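Since chain W is already given, all that's left is putting chain G on it; use the hints.
Protein chains: 2
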Amino acid sequence: MKNYLTIHPWKIIEQGFHPEYNRITESLFSIGNGKMGMRGNFAEDFSGDSLQGNYLAGLYYPDKTKVGWWKNGYPDYFAKTLNAVNWISLSIKVNGQILDLNKCETTDYKATLDMKESVIYREFRVKFKKGESVVVQSQLFYSMDEDNLGVLKYSVFTENFNGTMEIKSTTDFNVVNKETNYGEKFWKGISTSVNEDFGSVKAMTKKTEFTVNCTTSNKVFLNENIVDTKPKTLKSSQKFSHNYTLEVKKGDVVSIEKYAAIISSFFYDELKSTSEKLIERTLRDTFENLKKNHTDAWAKIWKKSDVQIKGDDSAQQAIRYNILQLNQTYTGKDSRLNIGPKGFTGEKYGGSTYWDTEAYCLPFYLYTADKKVSQNLLHYRYNHLQKAIENAEKLGFENGAALYPMVTMNGEECHNEWEITFEEIHRNGAIAYAIYNYTRFTGDDSYLNTKGLEVLVGISRFWAQRFNYSRKRNAYVMLGVTGPNEYENNVNNNWYTNYIARWCLIYTSKSLKKLKKKDPKQYNKVIKKTKLKENKEVKLWKEISSNIYFPFDKENKVFMQQCGFLDKEITSTDKLKKEDRPISQNWSWDRILRSCFIKQADVLQGLYFFSDKFTTKQLKRNFNYYEPLTVHESSLSPCVHSIIASKIGNKYKAYELFQRTARLDLDDINNDTEDGCHITSMAGTMLTVIEGFGGISVKKNLLHINPQLPHQWKSLKFKINFREVPLCINIKRKKLIIKNDSDSALEISLFDKKVTLKKGKNEF
Amino acid sequence: MKNYLTIHPWKIIEQGFHPEYNRITESLFSIGNGKMGMRGNFAEDFSGDSLQGNYLAGLYYPDKTKVGWWKNGYPDYFAKTLNAVNWISLSIKVNGQILDLNKCETTDYKATLDMKESVIYREFRVKFKKGESVVVQSQLFYSMDEDNLGVLKYSVFTENFNGTMEIKSTTDFNVVNKETNYGEKFWKGISTSVNEDFGSVKAMTKKTEFTVNCTTSNKVFLNENIVDTKPKTLKSSQKFSHNYTLEVKKGDVVSIEKYAAIISSFFYDELKSTSEKLIERTLRDTFENLKKNHTDAWAKIWKKSDVQIKGDDSAQQAIRYNILQLNQTYTGKDSRLNIGPKGFTGEKYGGSTYWDTEAYCLPFYLYTADKKVSQNLLHYRYNHLQKAIENAEKLGFENGAALYPMVTMNGEECHNEWEITFEEIHRNGAIAYAIYNYTRFTGDDSYLNTKGLEVLVGISRFWAQRFNYSRKRNAYVMLGVTGPNEYENNVNNNWYTNYIARWCLIYTSKSLKKLKKKDPKQYNKVIKKTKLKENKEVKLWKEISSNIYFPFDKENKVFMQQCGFLDKEITSTDKLKKEDRPISQNWSWDRILRSCFIKQADVLQGLYFFSDKFTTKQLKRNFNYYEPLTVHESSLSPCVHSIIASKIGNKYKAYELFQRTARLDLDDINNDTEDGCHITSMAGTMLTVIEGFGGISVKKNLLHINPQLPHQWKSLKFKINFREVPLCINIKRKKLIIKNDSDSALEISLFDKKVTLKKGKNEF
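Residue numbers (the numbering used here), protein chains in the order written: chain W, 1 to 764; chain G, 1 to 764.
Next up, chain W with everything else stripped away, as it sits in the complex:
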């Protein structure tokens, strides 16, 4: 817990410069527009500790796999998100002295990430060795309106001297990733050109051959008058600069507006001309206008997705921060993109797609955005179906069985740890569940009945082959898996995996049956495309799904996480010594595996997904059994436990666990924010608010609302868009106001009683 940032409902503020936390601040001040983004690096020179990071959506480098002991089936590479062109660089010299916060005396420092605007503001005073003093103000954003554009405005006020000021504006594609397996460079230069008005640098990734062109141009002002003396230009390999030298007097202000158009071959064919044209257009506009277009676009996002918490500014700041980062990472415009665990805030985990997307992010977008966004997330997996089939074939499965990768950029598996890559197969379940979740919430079965069913058939085929019949148990068992709790490896009959696999088999069968009745033509299309042998395959799925073994402890009446769990010494996390935690950093792997301690929701993840299938008593028993065993060393864990705590009325635990997830990065709880933010777990935080405290769920085609306002909050207000009916839900201590912004009434279940939400305001 660092606590050096100011609590504010709409802003993240670093008051006073904290170079010792600079990497953390850089992560937290990351900005982006879904197509590109960057860590909150400084524009001016900085010789202190920093992790440079500029990222472009969709681009990756297949870094050669690094592995101690090769196992059959391992992939050849791990796709890595790319650190790309550094365009913000402004090297400032005052009377020959470099402006560098690591070397100059810095006072009155304030940096603000305005969450409403997605703009970074910085302001500070710098005193140079020879006594010159300047005040700097800057603004930086990635336009949400024109998503190929980065904009920086940087002003320097001369406080106490006459002299020269040099500004060297550089655009540099000589960048490397910090995280490489073999120290390889991922980019090779293509061309660099520069004239007095603008410059372009073009580079290509090795192997994948993604090409990127970055064109930048500057407008320089002296006391608000444009400076027309032409800059000196400099050019070297993959890098160019514009060098401005100005004579300044005390009281003068020099401003530079820097515009960067970054165009990649992932989206465009003509790179250089597209980016140069965009720069030309941009130069004709004003900074103020460009910024307004950007903040207007953000206002639309906030209108749909904002959550208002009264009485708890810390929670208010946190939830908005999470909403901001998720929207900076993914806007849902392109089904080829997805949500990396670190978004545009760092390189860690390679920026690839995990099951986090389906389990946590999809519902976030379901609640807060147009359904097209969720659709695109579903299409992403549909587009990878063939690769998932090939992935399963590599592991010995047949007949169109699909195993989606644990980690992927383009549908191919990247991960290389057998207990994860080959065994953490529950991810397949989450991908199927997302189809169900989308259909259930939107009421739109068009995806399910076309592409969705193809995915479901592939996944069900996989499960059917992955179960085996055990003569001894006279039941189907699933051997050698790793559940969501990665502190158990290669276990038999993981309750969660068995459960979600059974659910997949049943859901696929039922959905097929429904479609057959509803639209036989479309049904036949699906059958033809998947070559499904209904009599044989669906019959087998039924046979399996009705004979699956589930470990259960009769004594405590709880589902057992896996076979043999009760061989362990069962204790509780409060028995752990302080120096043991986190156990992932202090215990050897075998000790962790043998212990009863759970990294993240496992049985409870299943109870969360399928809470409508279990009684509150069952939820309670299992929560009370597993929560004391759970160390929550995955960022994806506390949110699920918090939601279940809300469901069973344990407000104290629900709030405690919410705090652990909500401010994970802002308070650097896991001591790893310097690597980047936990983007996907931020979606989990939103779920604790909407599903946990907000009590939103869908059961039997009906929206259920069972709010549980934490004692610490005065009110909670959020919007959801349920089946095209926009609802604004305002939960107060003694009142519940639901605004129905559609023209028609909606029947819902409120505190388990059916009520009708008429158009407009409804008070309860």
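Honestly, the hints are just simulated from the structure, not real lab data. Where hints are given, some of them may not hold.
Note that identical chains are pooled: a pair holds if it fits in a single copy or bridges any two copies.
As the list claims (entries may be wrong) - Calculated pairs, PhoX-like style, for lysine-lysine (alpha carbon to alpha carbon, straight line, at most 25 Å):
no., residue 1, residue 2
1, 617, 472
2, 575, 71
3, 542, 348
4, 348, 66
5, 554, 472
6, 394, 575
7, 472, 575
8, 11, 719
9, 518, 557
10, 249, 651
11, 71, 348
12, 510, 130
13, 651, 719
14, 525, 735
15, 277, 719
16, 575, 653
All values reported here derive from a predicted model rather than from experimental measurement.
For chain G alone, coordinates are given in the frame of chain W:
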């Protein structure tokens, strides 16, 4: 199966040149003297496929660990045996043309590894492009008499021309390992000096700073007269040469004798002077005499260790080959040395020590060598006890608990695969068993009662902490282990591991009790040294060892390999398709883990070690259950199954499995002999002969002999040295002759009946 080598009882013969198998031949023709060795590389230039390898005992390089995903407790390095100075190089030019079997026409090629002598003989005719024809004969050996000396004699007969012959004799320390994690060079040069009589090159390993000096000198003869024209000398970094140019006539023979003294800091302080003095002494002697001293030393080894099989030359050749390689690898003179899985025949597996030594090699030396050899193997582990304690501490164990490493060079763990490094802990059991095995066979309890008990206490402490009490089972369980069958990872209650752990606890307690009675003073020494709390610790060991859970299948009445084994689909290896085998190369790891197929003896390894504790019926039932499930994809597997097959009277299976182990390398059965020979599994082959067919065992202080001569053999003759009584056992079809070479009679059990072996010949 390549079958390009000639079957011969005492020789390995490559008749006709097989460049396509050159790496295999190089492995098979490896020679050594326990202190150093080399692959059967050619002295002359060879541009064809080859793996150069010269190895020096005890030396290693700590190659930085390569791992995909780091786990707490992993070691920082993997110790690698070093490819060292290449001293045999002789570059021959005839009228300016290089003698290179890859480029010249080669006929009448014959290479022989004479196993009786441990000498490589080569003979061949080479025709050069311009028509010159020469015949080459060479002999190469590492002296077993003077174990710092390598000797090469190389003769070239001019058949059809007059002209010049150049011989460039080079000694080169510019060598690299093929197997490196990061392409590092392991050696750095120290000094090189050369004069007309000899040259020296000295190099040092990086990090470990082992220094090696190699001095070589040549004697050149023309038609048996020494040539006294001085050679030209050449020197470059870590390399020197002597260049001889001779005018030759048709019918002339040019011979060069090359002597290399290789002295390492592992054994000596003064390297250069020691090696130069050795070369001086050597030069005063003759090649013939040096060779005689060498073969005399080998004659002594063969006298003790030879096995004679009549009626099966293939088996005869194989068993002698195995005996040869084991003695070339380890002579038991130095307790700091051990037996790497590839000996001096290749780099694979880093040349480090595995549990193979205790489980397989120790009994080999017990039977065939002086007991000092076995003692040194035991001392090796005793000397590493402190490191084993530190290793256990790293994993969270306390109070002097010792976990010996899976792979080691100096006592530190090298391996980095969690399921092996942290979980294949049964190795501790084998290390304890070796103490018992030595004591049982030699009748000498002096090691046990001094150093051995310290080791046993450390190991027992480990087991006591590694078991945990399961409330559900009301028994002690051992979770998260990998048994000898590495095709199962992270299983609970591996029967073998539980069994040997229980045995350790009991054996340690009993041995302590015995010593207390026999020699209270020594007992107190042990107690003091180990700080053993008898009342507490030994009591706990008793409590645990009498309440351990062992999985058992009531239906088949067999011990279950681990918990949950019967969840599997039980089938048999004959159901596997040809293209599936070996499954290690054709199946993904998860598929292997889920299958019922067993890599190597696991339950049966336990039944082998403790066969006196089980009835023949039990052995039979378990053999018949597990053998059909075992794919024997470890070279250490068939030997154990063969021995048990002999014990249960299944001669057919015993012989079939013997064949799989005996000629593993000679016939390149696993397609991997090119990497080097399976040295430790060769010891296993010897056990199939002595313990399996020979029927040798020790039960209740009595030597048991229950021979089972395979139908294919006329007779089997071998020697063992049981408790200082040398016995020569000659098993014929209808007769058994046991020669007692001591002065006193020995009571034994023959076919389970007590008989007395009088001095001299005993016929049965």
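Taking the hints in turn, this is what the structure says about them:
1. 617 / 472: between (32 Å within a copy, 24 Å between copies)
2. 575 / 71: between (38 Å within a copy, 23 Å between copies)
3. 542 / 348: Neither, since 42 Å and 50 Å both go past 25 Å.
4. 348 / 66: both (15 Å within a copy, 19 Å between copies)
5. 554 / 472: Answer is both; intra-copy 20 Å and inter-copy 11 Å each pass.
6. 394 / 575: between (44 Å within a copy, 21 Å between copies)
7. 472 / 575: Intra 38 Å, inter 21 Å, cutoff 25 Å: inter-copy only.
8. 11 / 719: within (21 Å within a copy, 87 Å between copies)
9. 518 / 557: neither (41 Å within a copy, 56 Å between copies)
10. 249 / 651: Cα proximity of residue 249 and residue 651: none, with 62 Å in one copy and 104 Å across.
11. 71 / 348: both (24 Å within a copy, 17 Å between copies)
12. 510 / 130: Neither way: residue 510 and residue 130 sit 78 Å apart in one copy and 83 Å across, limit 25 Å.
13. 651 / 719: within (22 Å within a copy, 79 Å between copies)
14. 525 / 735: neither (51 Å within a copy, 79 Å between copies)
15. 277 / 719: neither (39 Å within a copy, 92 Å between copies)
16. 575 / 653: Within one copy only: 18 Å inside a chain, 54 Å across chains, cut-off 25 Å.
Comparing the model with each numbered hint stated earlier shows that hints 3, 9, 10, 12, 14, 15 do not hold.
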